[in-house]
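S.K.: All chains should be modelled from the sequences, with the hints used to inform the complete structure.
For reference, the chains in residue letters:
Protein chains: 2
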Amino acid sequence: MKANVYVTLKQEVLDPQGDAVRRALGALGFDDVKRVRVGKLIEIDLEGADEAAAKEELASMCEKLLANPVIEDFRFELEK
Amino acid sequence: MKANVYVTLKQEVLDPQGDAVRRALGALGFDDVKRVRVGKLIEIDLEGADEAAAKEELASMCEKLLANPVIEDFRFELEK
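If you're matching them up, the sequences are chains A and B in order.
All residue numbers for the first sequence refer to the working numbering, where the first residue is 1 and numbers rise by one.
All residue numbers for the second sequence refer to the working numbering, where the first residue is 1 and numbers rise by one.
Think of the hints as simulated: they come from the structure by calculation, not from any bench.
Be careful, since some hints might not be right.
No copy labels: a pair is met if it fits in one copy or bridges any two.
[Unchecked claim] Simulated pairs of lysine to aspartate or glutamate, EDC-like, Cα-Cα distance not exceeding 20 Å:
no.: 1; residue 1: K80; residue 2: D45
no.: 2; residue 1: K34; residue 2: E12
no.: 3; residue 1: K40; residue 2: D73
no.: 4; residue 1: K40; residue 2: E72
no.: 5; residue 1: K40; residue 2: D19
no.: 6; residue 1: K2; residue 2: D50
no.: 7; residue 1: K40; residue 2: E77
no.: 8; residue 1: K40; residue 2: E79
M.R.: Have a look at this one:
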């Protein structure tokens, strides 16, 4: 089973990397970019075919390792 | 208009960061994780409402700045 995990900074947390990307895009002529936030996409291949178990496991992985719950949010989706 | 850009390493490119995450997950007891790849999720707020123009602009941003086409693939989606 394949899963995509998305880890993003919470809205209220500053994102200097995103700001740098926004400025760099502006310098390249992309003037209509108002805001950029940079997060992580983590692709995970899991053994086993039980969707409910996989979801529980993924939430646990995010809480324990993949995301920092103080400053980051996470969400994930399974690809059959 | 909001866009999500996904930048991932090409399949044939080694991903030591992903391997490190896989090992760390294994050490935490998540033994059924076969493979992990770490990529970037870039959230972009764009001015303007023309979907076709936004898509063209996003592809150009990816080619010029957001992705390294030698080792990375990109895809993006627009939210409404």
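S.K.: Against each hint, give a clear statement of whether it holds in the structure.
M.R.: Outcome of the hint check:
1. Proximity of K80 and D45 under a CA criterion of 20 Å is satisfied intra-copy only: 11 Å inside one chain copy versus 30 Å between copies.
2. With identical chains, the CA atoms of K34 and E12 are at most 20 Å apart within one copy only, with a shortest distance of 16 Å there and 34 Å across copies.
3. For the homomeric pair K40 and D73, the shortest alpha-carbon distances inside one copy (11 Å) and between copies (15 Å) are both at most 20 Å.
4. Both within a single protomer and between protomers do K40 and E72 lie at most 20 Å apart by alpha-carbon distance, with minima of 10 Å and 14 Å respectively.
5. In the homo-oligomer, the alpha carbons of K40 and D19 lie at most 20 Å apart both inside one protomer (16 Å) and across protomers (15 Å), since each shortest distance falls under that limit.
6. In this assembly of identical chains, K2 and D50 lie within 20 Å of each other by CA distance solely inside one copy; the values are 12 Å within and 33 Å between copies.
7. Proximity of K40 and E77 under a CA criterion of 20 Å is satisfied in both settings, with 14 Å inside one chain copy and 16 Å between copies.
8. In this homomeric assembly, K40 and E79 come within 20 Å of each other (Cα to Cα) both inside a single copy, at 18 Å, and across copies, at 18 Å.
The structure agrees with every numbered hint stated previously.
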